[in-house]
Every structure is written in C-alpha cells, then in structure tokens.
Amino acid sequence: MNLLSLAFGNIYRRPARAGLTVSAISLGIAAVVALTGIAWGFEASWQKANDARGTDLIVTRIASENAMPSPFRAERVQEALKGYPHVQQVVGLLSEMLSVGEGSPPVFVFGWAYGSYLWDHLKLVDGRWASADTEPVVVIGSLAAELLHKSVGDRLEIEGQQFSVAGVFESPAAIENGAVVMSLTLAQQILDKPGKVNILNVKVDESATPADLAQFKSQVRATLPGFVAITSGELVGKNTVVRISKAMSHATILIAGLVGALVVFNTMLMSINERTREIGILLTVGWQRRTVMQLVFYESVILTLAGGLIGILVGIAITGILEHMEVMRGKIDAVFSPSFLVAVVGLSVLLGIAGGLFPALKAARLRPAQALWHE
Amino acid sequence: MIIHTNDRFARHWAACPGRGSAAPASIAPFRFTSRTGLPPPHGFRYKMNTESFPEAIVRARALALHFDDGDTQALNGVDLAIRAGEFVAVVGPSGCGKSSLLNIIGTLEAPTTGEVFFRAQPYSGIRDPSRFRRQHIGFIFQSFNLIPTLCALDNVLVATIGTPGTASEKMARARDLLAKLGLENRLAHFPNKMSGGERQRVAIARALINSPDLILADEPTGSLDSANSAAVLTLLTDIQKERGLTVIMATHDPSVSARADRIVAMRDGQIAPSPEAAP
Ligand SMILES: Nc1ncnc2c1ncn2[C@@H]1O[C@H](COP(=O)(O)OP(=O)(O)O)[C@@H](O)[C@H]1O
Ligand SMILES: [Mg+2]
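If you read the sequences in order, they're chains Y and F. As numbered in my numbering, residues 1 to 375 make up the first sequence, in order. As numbered in my numbering, residues 1 to 279 make up the second sequence, in order.
Simulated from the structure, these hints should not be mistaken for laboratory data. We put the beta carbon where it would ideally sit given N, CA and C, even for glycine. Some hints could be false.
Calculated Cβ distances over 12 Å to all of chain F for the following chain Y residues [said to hold, decoys possible]:
| # | residue |
| --- | --- |
| 1 | N2 |
| 2 | F336 |
| 3 | P338 |
Pair ranges (Cβ atoms, derived) [stated by the list, open to error]:
| # | chain 1 | residue 1 | chain 2 | residue 2 | range |
| --- | --- | --- | --- | --- | --- |
| 4 | F | T237 | Y | N266 | 23 to 31 Å |
| 5 | Y | F358 | F | G70 | 46 to 54 Å |
| 6 | F | R243 | Y | A16 | 43 to 51 Å |
| 7 | F | M171 | Y | A16 | 30 to 38 Å |
| 8 | F | R243 | Y | I255 | 56 to 64 Å |
| 9 | Y | S5 | F | D71 | 23 to 31 Å |
| 10 | F | G165 | Y | G9 | 17 to 25 Å |
Partner residues are not named here, just some residues of chain Y that face chain F (Cβ under 7 Å, in silico) [to be verified]:
| # | residue |
| --- | --- |
| 11 | T284 |
| 12 | T291 |
| 13 | Q294 |
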C-alpha cells in the first residue's frame, strides 16, 4: 500500500475509460513516432546515399532547393574545380525519379560518370557492369530488381528507350538499392540534358584536413559565382522533401501533444469529480494537499506513459508497414534513434503533468468538510 | 469581528496557563460563561480557573459558523472546553450544529468567527491543518467513509501514507489494530462485503492508526442496529480508557450518549442547558 499502488488501483477501477484514454494517447504518440521516424529517415537515407558514394563535398547551384538540385552545365565548373588543391576527382551526377515500365512504382534513375569512384561502393551480386560509357545497359539495385520484377538480361524501357539489365548490385544506401543506375552519358541523353548534372561530387585526397575543406568552400564562393560547395548533410538539409516532412512531424508533435494533454485533462477531471468524497476522506485522515496532487499526477502520468510506450510500438509498426508498401520501398529508411525514443517517453510524461495539473490542483483545493458530503 | 475584549483576553489567557485566576474582574463574567449554563466541573466558568482545569485539550471560544447564503447559522456563539481523557457526547436535534462543531474542532471547517485552542494553541496559528489532523485527530463518521475500492487493511493503511515509518511497521500496526477490533479475518474484505458494524470498526482502526489524542465521532452508531451500536460503543469506550483518549461524540440517541462521561446539549447552534443541569 503506497501512493503508486493506490494510483494504479484508481486507474484500474475504470478499465474502459483508462483504456480509451491510453488508446487516444497512444494513437497520437504513434503518429508522432511514425512521422518523425520517416522525416528523419528521409534525411538519413539521402545522407546515407551521398555518404556511401564517398563524396567529400558536393558542388551545386546556390538557389537549388529541390529534392535533387536542378541540373546545370557542368563543364566549366568541373574544370575549375579540378584545379583546386587536394582535389582528386570531380564527378557529375544526374538523377530523376521516373516510371520504368507499366504498373511499377516510380524509381530513382541515377546517371554516374562512367569509370568514376561513385561506382566503387556498389557490390555486384549478379551479372556484370557496363563495358563502355555508351553501352545501352543499366545496373539495378537488388530492391529495384524485386520491385520491377527484373533480373539480368531483362529489358527495361526508360523514357521510350530500351535498355538491358546488365547486373544487379547491392548498396549500403536504401535509396540506391531501389534505384536504376546508368552511365552519366546515357542519362544525359535519355533525359535530354546533354552536358548537365544535378551535382558535382568532389573527392579530395587523404591529406586534406577539415580546414582544407573549409578553404575549398570559400574558394568556390569566391571564384564560382552562383555555386556552393556543401557537405552531403548540408545538401540534405536544403532538400524540400526533408524540410516538409520535418515540418509535418513538428506539427504532429504539437497537435498530438495538445490533444493528448486534453484527453488526460478530461479523464482526470472526470475521475476527480467522481472521487470528490474520497479525496475528502483522504484530506480528513491527514493527507497533505501535495500528497493528493501527487496521487493525481501519478495517475495521469501512468496513463500517458502507458499511452506513450504503446504509441512507440504502434508507431514503429506503422512505419514498418509503410516502408514495405510498394510505392514507398527504397525511398524511406525510418530512423528511430534512442534519444528520439527517450524524448517521446519524456513527452508522454510531460503530457501527464500538463493534463493532470488542473485536476490535481482542483483535487488538492477541495475543502474536506464539503467534499465529505459530496455524492 | 463579533468578539473583541473577551476574545483577546481568552487568547492571552489560553496562551499563559496558570494566569487565568489573575484575569481582571472587569471582563468577567464572560458572555459565554452565562450562555453555556454548564455546571461545574464541566462548565466553562469553572474551567476559567486553570488551576482546577489544567488538562483542557480543546477549548472553543465564541464559535460562529454561517453558511454562504447568510441565513443559515449553523453555530451561533459556542463555548466549550473538553478535558483530556474525557468522553463527551454532544447531543441535540438534527440540524442543531453538532456536525458543524465537530468539523470545526477537527479543522475540517474554519469558523466564521471565534477560535478553537488545542492545548492552548489557537487553530488560527496552525500552518498545516492536514498535519495537525494526522498527528492529533481521528475521525469516525455515521456513513463510515471508507474507500470502497480498498480492502479493510488498505483502508487503515491509507491514513499512514505520508507519515514516518516503514511499510512493514505500518502494516504490523494496522493488523494489530484490526485484530484488536475483532477483524483479523476481515483484512482483505472490501467494505461492501462487510456488515455495518465491521465497517465502523475498520473506520475506528483507521481513526486510531496514527495514535491521535482526540477522536471526533459524528453519529458513529447512526447507521448501526442496537446490538452493533452497543458493540462499537463498548470498543470505543474501552480503547478510550486504555489509551487515555479524548472522545467527542455527536449523537441524538440517548442510549448512546448515556455511555459518555459528560453530555453537552445543543440547540439552534448554541450550547443549551444540559439535561443533567436541569432542575
Ligand atoms: N454546507 C452547508 N451549507 C449550508 N448549510 C449547512 C451546511 N452544512 C450544514 N448546514 C446547516 O447548518 C445547520 C447545522 O447543521 P449540522 O451541523 O450538520 O447539524 P447536526 O449535525 O446537528 O444535524 C443545519 O441547519 C444545516 O442545514
Ligand atoms: Mg450531523
């Protein structure tokens, strides 16, 4: 018999109401967890794709804020960058999300400069690589192979042109696993963007220090007006999709927080009103007002904490289902960092305290003589 | 304020036991002295002499309690002194203010005017009424006021939450008390599975668990049949004698008040001439 067991007992008295309250909170928390996990997943999977390629810096147009920066003529910039200190390779990349064949979900199509380091991180699991820059073949990620129902030797129609699948690869980045990759030259040709790239990937030599990278950035700013050199993380931060999904997740946190607090508020207020007489008894036998408040807070926090924990599980499950939907596969790679989950648990506790505050104050302020005669 | 000189004097007097006899003659007799009409040794006039009434545990001074509507005057100038160890029955018709008086003495309600002293400490100086109740007062009600979702043992233990002591020590104390009240086989029973007499005994155990000095019993037998009433009263008087407790019990049942050491009669929010004092 202590305050905590009393609080559990009080919740257990109204199982249906407690269940509804916990469900409402867990739905809100699940939405928070799913949307935030996806928003961060977008960011992380783009960053992963950029990082996996071994790119140190990305050079692109300043104004570009699309998922992929808009294409630009690469030649002049590329030549200039090659002359910068520590630079080993400057490699063009062109990409577009396209429908490939009837009835298949859209996939990313990447064009990577033939023979560049970009290809190095891919692991061939079947078939072969293209044997020349202009050979009309593509390689596809293992997930893309599954989604498109294609394997080595099959034909693939992209933007009205026929390609043969030369090989299937695996990449550490989910986005690439779900993508079709061809040489930059072919991509420029089928997308009708000769000489253009979305980004230039810069690889520097081993001896380059962070200071050298900073120096590189300012050199770009000074000598290549209209262009910036940024890290892959910074590029992802500019990504509109990432920004929108993050804004949505923030809005969800706000709404779920408000609704959750209101639900607990309502439940606890009802509970307090029903138990007015009982609280009068507790005050009569000498309970401090703050002990009464503590009891109410325990009850409200138990409800929100249970809602939070269930919500986390449900949210992760929802995300898992979303990730496995055809249209979403390979595009998100939801991230649930431990610190995020701890923050969600913290948010649940906060909801309990916020929603329980007024009921707790109300309970603690009851006048025992009046409360005792309450029916 | 309704009370001026007398009140200030009484505070001074109460705060300085032993000086009562030195009270200036100009302010005696007190308003309330004439009103109580109680004979010595229980009358307030007599108690004015602290030498002969040194052990007063509760002293009420000119208590008035008006309810919000302004028309209801539950108490209208009540003066009362209770000796430590006394078993006092407060009697009177329904609505005469018995519960109001007990509630004020129990700090559950604040008087509109007037003052109560507990061992010469004025209630107006009590910072933490909850703590005061926990340390000094046990309540017993007509309607038992048990918590329906707690078993007998937990109904007693609930009063120990926030008090010093280990869980096992509190548990032992609660079991002992319940056993003493003949409820050793009812520890895990919920109130709705117990008879009225058993419920009231649980309530008595709860009232006693924190070793109070004063028991306030508001119609404790009002919901019980005569056999159970008698049993509960016997328990109450036995414990009162054994522990040297002070009991103030409100009742309108003459057979119940007959068990008390002293009867205080009330009428219309005032102390009436007691039946004992009637010629
Ligand atoms: N909370 C309240 N609000 C208004 N009037 C009250 C309240 N409590 C008691 N009264 C009135 O005060 C008077 C005294 O009541 P009470 O002390 O309960 O008497 P008793 O216990 O002797 O029956 C009654 O007239 C009652 O109606
Ligand atoms: Mg009454």
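A quick look at each hint next to the structure:
1. N2: violated (7 Å)
2. F336: Since the minimum Cβ distance to chain F is about 39 Å, F336 (chain Y) lies beyond 12 Å and the statement holds.
3. P338: holds (35 Å)
4. F:T237 - Y:N266: 23 to 31 Å: violated (49 Å)
5. Y:F358 - F:G70: 46 to 54 Å: This hint is violated: roughly 31 Å between Cβ atoms.
6. F:R243 - Y:A16: 43 to 51 Å: holds (45 Å)
7. F:M171 - Y:A16: 30 to 38 Å: holds (32 Å)
8. F:R243 - Y:I255: 56 to 64 Å: holds (59 Å)
9. Y:S5 - F:D71: 23 to 31 Å: 46 Å Cβ-Cβ, so the 23 to 31 Å window is violated.
10. F:G165 - Y:G9: 17 to 25 Å: holds (21 Å)
11. T284: holds (5 Å)
12. T291: holds (5 Å)
13. Q294: violated (9 Å)
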